[in-house]
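Start counting the sequence shown at 126; every next residue gets the next number (our numbering).
Rather than coming from a laboratory, the hints here were simulated on the basis of the structure. Computed from a predicted model, the values in this text were never measured in an experiment. Hints may contain errors.
Unchecked claim - What follows is a list of derived Cβ distance ranges for each label pair:
1) GLU241 <-> ASP182: 23 to 31 Å
2) GLU254 <-> LEU216: 26 to 34 Å
3) LEU259 <-> GLU204: 17 to 25 Å
4) LYS236 <-> ILE184: 17 to 25 Å
5) PHE152 <-> LYS224: 33 to 41 Å
Said to hold, decoys possible - Calculated lysine to aspartate or glutamate pairs in the EDC-like style (CA-CA distance at most 16 Å, straight line):
6) LYS236 <-> GLU226
7) LYS159 <-> ASP195
8) LYS159 <-> GLU204
9) LYS255 <-> ASP195
10) LYS240 <-> GLU254
11) LYS236 <-> GLU175
12) LYS224 <-> GLU167
13) LYS188 <-> GLU204
The beta-carbon is built from N, C-alpha and C at its ideal position, and this holds for glycine as well.
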Amino acid sequence: LFIIGTMNTADRSVGHIDYAIRRRFAFADILPSKTPIHPIAENLFKSVSELFIKNYDTIDWDKPVFERSDFIASDFRPEDVWVGHSYFISLKETNDEAKAELQVKLDFEIKPLLKEYLKDGLLLATAEEKINSLHV
126 LFIIGTMNTA
136 DRSVGHIDYA
146 IRRRFAFADI
156 LPSKTPIHPI
166 AENLFKSVSE
176 LFIKNYDTID
186 WDKPVFERSD
196 FIASDFRPED
206 VWVGHSYFIS
216 LKETNDEAKA
226 ELQVKLDFEI
236 KPLLKEYLKD
246 GLLLATAEEK
256 INSLHV
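Construct all of the structure, not just a fragment, from the sequences and the given hints.
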């Protein structure tokens, strides 16, 4: 039986539950990857990723080593709070449908999450302009 769940370490409100679960189950980190990204979403994924890492263009995605961006608070590792690739995947048949789906994800999932990160201090205030300028 495999139970697959997602959580980043920024969510400290469930920390005690996390400890209890970690004592009982095996965990595997799944880091963001550009491999499953829909072609329409590649630039947006890069822009969002650059809020967390500096070296997006030079990463060896088979053995990634991430350099913290200047937008992320020093308390956090990029791997722990980086917005994952699942937001940027689409199975829509046409590019127009995929673009429309991605726009909804950007407006109602990605930007609200990034704004929460700002409010909670995971991302620094300097990231706000970049967040507001994100587009499909």
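Checked hints:
Checking the proposed 23 to 31 Å range against GLU241 and ASP182 shows it holds: the Cβ atoms sit about 27 Å from each other. In this structure the supplied range 26 to 34 Å holds for GLU254 paired with LEU216, their Cβ-Cβ distance being about 32 Å. Restraint check, LEU259 to GLU204: a C-beta distance of roughly 21 Å satisfies the suggested window 17 to 25 Å. For LYS236 and ILE184, the hinted distance range of 17 to 25 Å is satisfied, since their beta carbons lie about 24 Å from each other.
A beta carbon spacing of about 35 Å between PHE152 and LYS224 agrees with the range 33 to 41 Å that was offered as a hint. Restraint check for LYS236 and GLU226: satisfied, since their Cα atoms lie roughly 14 Å apart, inside the 16 Å limit. Proximity of LYS159 to ASP195 is assessed by CA-CA distance (about 21 Å); at most 16 Å being required, the pair is judged violated. Distance hint between LYS159 and GLU204 is fulfilled; the C-alpha atoms sit about 14 Å from each other, no more than 16 Å.
Of the pairs offered as hints, the one joining LYS255 and ASP195 holds, with about 12 Å between alpha carbons and a cut-off of 16 Å not exceeded. Taking the CA atoms of LYS240 and GLU254, the gap is near 11 Å; set against the 16 Å cutoff, the hint holds. The suggested pairing of LYS236 with GLU175 holds, with an alpha-carbon distance near 14 Å, which does not exceed 16 Å. Taking the CA atoms of LYS224 and GLU167, the gap is about 11 Å. The hint holds against a cut of 16 Å.
Restraint check for LYS188 and GLU204: satisfied, since their Cα atoms lie roughly 13 Å apart, inside the 16 Å limit.
Hint 7 from the earlier list is the only one contradicted by this structure; the remaining hints agree with it.
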